[in-house]
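Residues per chain, in single letters:
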Amino acid sequence: MTQKTLTHLQRLEAESIHILREVVAEAENPVMLYSVGKDSAVMLHLAKKAFYPAPPPFPLLHVDTTWKFRDMYALRDKAAKDAGMELLVYQNPEAAERGINPFDHGGLHTDMWKTEGLKQALDKYGFDVAFGGARRDEEKSRAKERVFSFRSANHRWDPKSQRPELWRLYNARKAKGESVRVFPISNWTELDIWQYIHLEGIEIVPLYFSAPRPTVERDGLTIMVDDDRFPLREGETPVTKSVRFRTLGCYPLTGAVESTATTLPEVIQEMLLTTTSERQGRAIDHDQAASMEKKKQEGYF
Amino acid sequence: MTTEPIYKTDALIAENIDAYLEAHQHKTMLRFITCGSVDDGKSTLIGRLLYDSKMIFEDQLATLEADSKRVGTQGGEIDFALLVDGLAAEREQGITIDVAYRFFATEKRKFIVADTPGHEQYTRNMVTGASTADLAVILIDARKGVLTQTRRHSYLVNLIGIRHVVLAVNKMDLIGYDKATFDNIVAEYGEFARSIGIEDFTAIPISGFKGDNITGPSEFTPWYSGPALLPFLESVEVDVTADQEQPFRLPVQWVNRPNLDFRGFAGMIASGTVRPGDQVRVLPSGKTSTVSRIVSLEGDRDLAVAGESVTITLADEIDCSRGQVIVAAQAPLEVADQFESTLVWMDETEMVPGRAYWLKIGTQTVSATIHQPKYEVNINTQEHLATKTLDLNAIGVANITTDREIPFAAYADNRDLGGFILIDKITNHTVAAGMIHFALRRAQNIHWQATDIGRDHHASMKHQKPAVLWLTGLSGSGKSTIANIVEKKLARMNRHTFLLDGDNVRHGLNKDLGFTEADRIENIRRVGEVAKLMTDAGLIVITAFISPFRSERDMVRGMMQPGEFVEVFVDTPLEVAEARDVKGLYAKARSGQLKNFTGIDSPYEAPENAEMRIDTTQMTPEEAADLIIARLIP
Numbered sequence: 000m001t002q003k004t005l006t007h008l009q010r011l012e013a014e015s016i017h018i019l020r021e022v023v024a025e026a027e028n029p030v031m032l033y034s035v036g037k038d039s040a041v042m043l044h045l046a047k048k049a050f051y052p053a054p055p056p057f058p059l060l061h062v063d064t065t066w067k068f069r070d071m072y073a074l075r076d077k078a079a080k081d082a083g084m085e086l087l088v089y090q091n092p093e094a095a096e097r098g099i100n101p102f103d104h105g106g107l108h109t110d111m112w113k114t115e116g117l118k119q120a121l122d123k124y125g126f127d128v129a130f131g132g133a134r135r136d137e138e139k140s141r142a143k144e145r146v147f148s149f150r151s152a153n154h155r156w157d158p159k160s161q162r163p164e165l166w167r168l169y170n171a172r173k174a175k176g177e178s179v180r181v182f183p184i185s186n187w188t189e190l191d192i193w194q195y196i197h198l199e200g201i202e203i204v205p206l207y208f209s210a211p212r213p214t215v216e217r218d219g220l221t222i223m224v225d226d227d228r229f230p231l232r233e234g235e236t237p238v239t240k241s242v243r244f245r246t247l248g249c250y251p252l253t254g255a256v257e258s259t260a261t262t263l264p265e266v267i268q269e270m271l272l273t274t275t276s277e278r279q280g281r282a283i284d285h286d287q288a289a290s291m292e293k294k295k296q297e298g299y300f
Numbered sequence: 000m001t002t003e004p005i006y007k008t009d010a011l012i013a014e015n016i017d018a019y020l021e022a023h024q025h026k027t028m029l030r031f032i033t034c035g036s037v038d039d040g041k042s043t044l045i046g047r048l049l050y051d052s053k054m055i056f057e058d059q060l061a062t063l064e065a066d067s068k069r070v071g072t073q074g075g076e077i078d079f080a081l082l083v084d085g086l087a088a089e090r091e092q093g094i095t096i097d098v099a100y101r102f103f104a105t106e107k108r109k110f111i112v113a114d115t116p117g118h119e120q121y122t123r124n125m126v127t128g129a130s131t132a133d134l135a136v137i138l139i140d141a142r143k144g145v146l147t148q149t150r151r152h153s154y155l156v157n158l159i160g161i162r163h164v165v166l167a168v169n170k171m172d173l174i175g176y177d178k179a180t181f182d183n184i185v186a187e188y189g190e191f192a193r194s195i196g197i198e199d200f201t202a203i204p205i206s207g208f209k210g211d212n213i214t215g216p217s218e219f220t221p222w223y224s225g226p227a228l229l230p231f232l233e234s235v236e237v238d239v240t241a242d243q244e245q246p247f248r249l250p251v252q253w254v255n256r257p258n259l260d261f262r263g264f265a266g267m268i269a270s271g272t273v274r275p276g277d278q279v280r281v282l283p284s285g286k287t288s289t290v291s292r293i294v295s296l297e298g299d300r301d302l303a304v305a306g307e308s309v310t311i312t313l314a315d316e317i318d319c320s321r322g323q324v325i326v327a328a329q330a331p332l333e334v335a336d337q338f339e340s341t342l343v344w345m346d347e348t349e350m351v352p353g354r355a356y357w358l359k360i361g362t363q364t365v366s367a368t369i370h371q372p373k374y375e376v377n378i379n380t381q382e383h384l385a386t387k388t389l390d391l392n393a394i395g396v397a398n399i400t401t402d403r404e405i406p407f408a409a410y411a412d413n414r415d416l417g418g419f420i421l422i423d424k425i426t427n428h429t430v431a432a433g434m435i436h437f438a439l440r441r442a443q444n445i446h447w448q449a450t451d452i453g454r455d456h457h458a459s460m461k462h463q464k465p466a467v468l469w470l471t472g473l474s475g476s477g478k479s480t481i482a483n484i485v486e487k488k489l490a491r492m493n494r495h496t497f498l499l500d501g502d503n504v505r506h507g508l509n510k511d512l513g514f515t516e517a518d519r520i521e522n523i524r525r526v527g528e529v530a531k532l533m534t535d536a537g538l539i540v541i542t543a544f545i546s547p548f549r550s551e552r553d554m555v556r557g558m559m560q561p562g563e564f565v566e567v568f569v570d571t572p573l574e575v576a577e578a579r580d581v582k583g584l585y586a587k588a589r590s591g592q593l594k595n596f597t598g599i600d601s602p603y604e605a606p607e608n609a610e611m612r613i614d615t616t617q618m619t620p621e622e623a624a625d626l627i628i629a630r631l632i633p
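First to last, the protein sequences are chains A and B.
Quick note on numbering that gives the first Met the number 0: the first sequence kicks off at 0 and runs consecutively.
Quick note on numbering that gives the first Met the number 0: the second sequence kicks off at 0 and runs consecutively.
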């Protein structure tokens, strides 16, 4: 006699919680990478549920590029405090010293602040497992990513050395120096994420909702001028438009979409009626066909 | 085209998003696997499911079109294979090396598709993809019918215990939607399916390319009255729902102790349901208690079911930690340390019988050794083949011994409690997937039988003290000659003896063994066991075996009563033994005709603390025998 039919969100939630607990049971020094986006928000919420009534037994790590939206920094500090978790913020000192920025340094900006910054932070604190909020539906090369993704001692990802994952059994054993990136929300889609945020009332950055914001057009992307570091080109004047963001990263690299969606249901409505995938708003992926896979091999999350 | 929109509520999205969201919160989830090669139209089918359910966006379609022109195999047409082949390395090589997971949703369900393309790594990938699937779609090209690979896919699907099988007879458009061809394929497949244990399957005539019988009935197959593919996928009962009807099992994953007043047991419920007040038992300890709370962030709950990750507390302070299983008190699990199981080998390095691996089952990890496989299965013909090991992608049946007792269920009854992985202790690779059949009865039911006439009685009837004279040394060192003289002299003294000779034993008891390291080890183990029985019978046992390895001689010493084992090192230098070469074996070994010959291409580990050392260059065999007897009977 069936007592209760589980919905797809309940099953996804149960799977994610199982993964989070498995890591805490087997890892020596885990950390959760927290990027302040909607996926991070869901992952953090799941961690709170997994370990309740204890707070999640690991810190949050934000690999900061110093170029995030101001709203993101505000929510980051609040979310960590609300969860009762330690927040570690890491900024690559070399990138800071050389003044690496998205305007003058192109791909080097992501490489130094994010890829290198992440490696440095993991080495500095000696984390052996890092949770990340990547999803398999985001991009083609992610579709084959394991839930437990192994990295060599120098943080490289080798597609050939990944372990088969059967049933709910995750092999978390590793040699000294090796580490694992674990993706608890691998099997969630963008729609699942939004539905869950809606259902659970999870707080997200206001940038996901439409509001009048100062913007300029650059290389086919609508960029928000979030602070006075934004170097306006000759004749360029910020135009106030009603925009929102489908994904969040460094503000000078993140494209906005024109929108009137000011509530979650409206955001979901737009998402369902839209015809482009969410990663299109990220400048970083347009470099070359398999750019994400290449970045992953180099250690980008 | 007979495609209907998958989202019948598309209009609702625009008109009333709140009503849409409400409707979509009650979706269930089905995981399935598609089996077949690109030729069967698998990628086209998956591509169509993604496209019809709006999982392909315009920008992705644009990339796909560009890629199709650049590297596609469909002559500039959209190549759906490119959509499902992810990694750049694979794309360049034109092969796929892994399992990819795709997602799409209809009004009723979210679907996760495990896509495992066909090539030499097929078994490993398909078993991996199938391990989490509720259903399998087996694709057949209607023009080709049931092929070897269809049989292989079906065998693996059944092996991994998938309860729902769809036989999708694809490319019906290319055979003019011919009913007779479809019926013949279904009949042939049905016969085969039943022969391997698939009791039920649903056959659907489809065209992934044209869309026939995908989302709704096709006008071209009026003779087919069954469900179209998607409506069928939407209606199948998922395993997690069926699991609720089994007894309650919760493998403890993590113990939550935020303070001294709270002790919660966290884990995913493997089967059954639980409510506060339920009587439970903790295995393997067997202690019983009562569930007091089901704790959650939103407040305590009064019911939790299979497939949910929960935290429960118990009324009593009983010992319970990660790896133990909390079960319904009236329906406990079996606990054992020896199992028969199916193994699917997944590593480049072959299985080593006798070696210890980590075995992870549920939430616990134990050390386990695998015995030599009983057989390997040819997955194309399902024949059983004799084998000594399992290579990459091989499937076999073997016994497994764990270093402690574990609670378990047969895999057929519960995947979470009967499925395990083996992990190499050095490389940490996941080397095999396993499925428990049953516990070996000998583990539980064979006890040592105490007999009234014991070994002391046997010995006293013979008026002697049992002993093992273990002669070890190179081939041609003189062991057999000396052993034979010792036995003759003891017989004259009315002593009851038995001589176990290396060559003679290999004619009978050990005739199945060769001269590899593993076989030499087994040879000595058996001789040791026989010698032990003979000492129990009161005999003086004389053995003449090269027995080149120290560890095995020590193993035999450990089997005997203290003082009973007399190690006699028949010490003849290699050049002397080789010069004698009574049997002509050294000459053969030197010329390469004889492999693994001790002293030539296989080592001899001389005893370090033997009871006796006989230097055959300093004495005759007669003198050596007298010396040994003097030691035995002072």
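Worth double-checking, as some hints may not be accurate.
[Stated by the list, open to error] Below are the BS3-like pairs computed for lysine-lysine, each with C-alpha atoms no more than 30 Å apart in a straight line: (1) K123/A with K47/A; (2) K47/A with K26/B; (3) K424/B with K175/A; (4) K47/A with K3/A; (5) K286/B with K3/A; (6) K510/B with K424/B; (7) K587/B with K3/A.
No lab work stands behind these hints: they were computed from the structure.
Hints versus structure:
1. K123/A with K47/A: Judged against 30 Å, a Cα distance of about 26 Å means the pair holds.
2. K47/A with K26/B: 24 Å, holds
3. K424/B with K175/A: Holds, at about 14 Å.
4. K47/A with K3/A: 24 Å, holds
5. K286/B with K3/A: 29 Å, holds
6. K510/B with K424/B: 33 Å, violated
7. K587/B with K3/A: Distance of about 75 Å is beyond 30 Å: violated.
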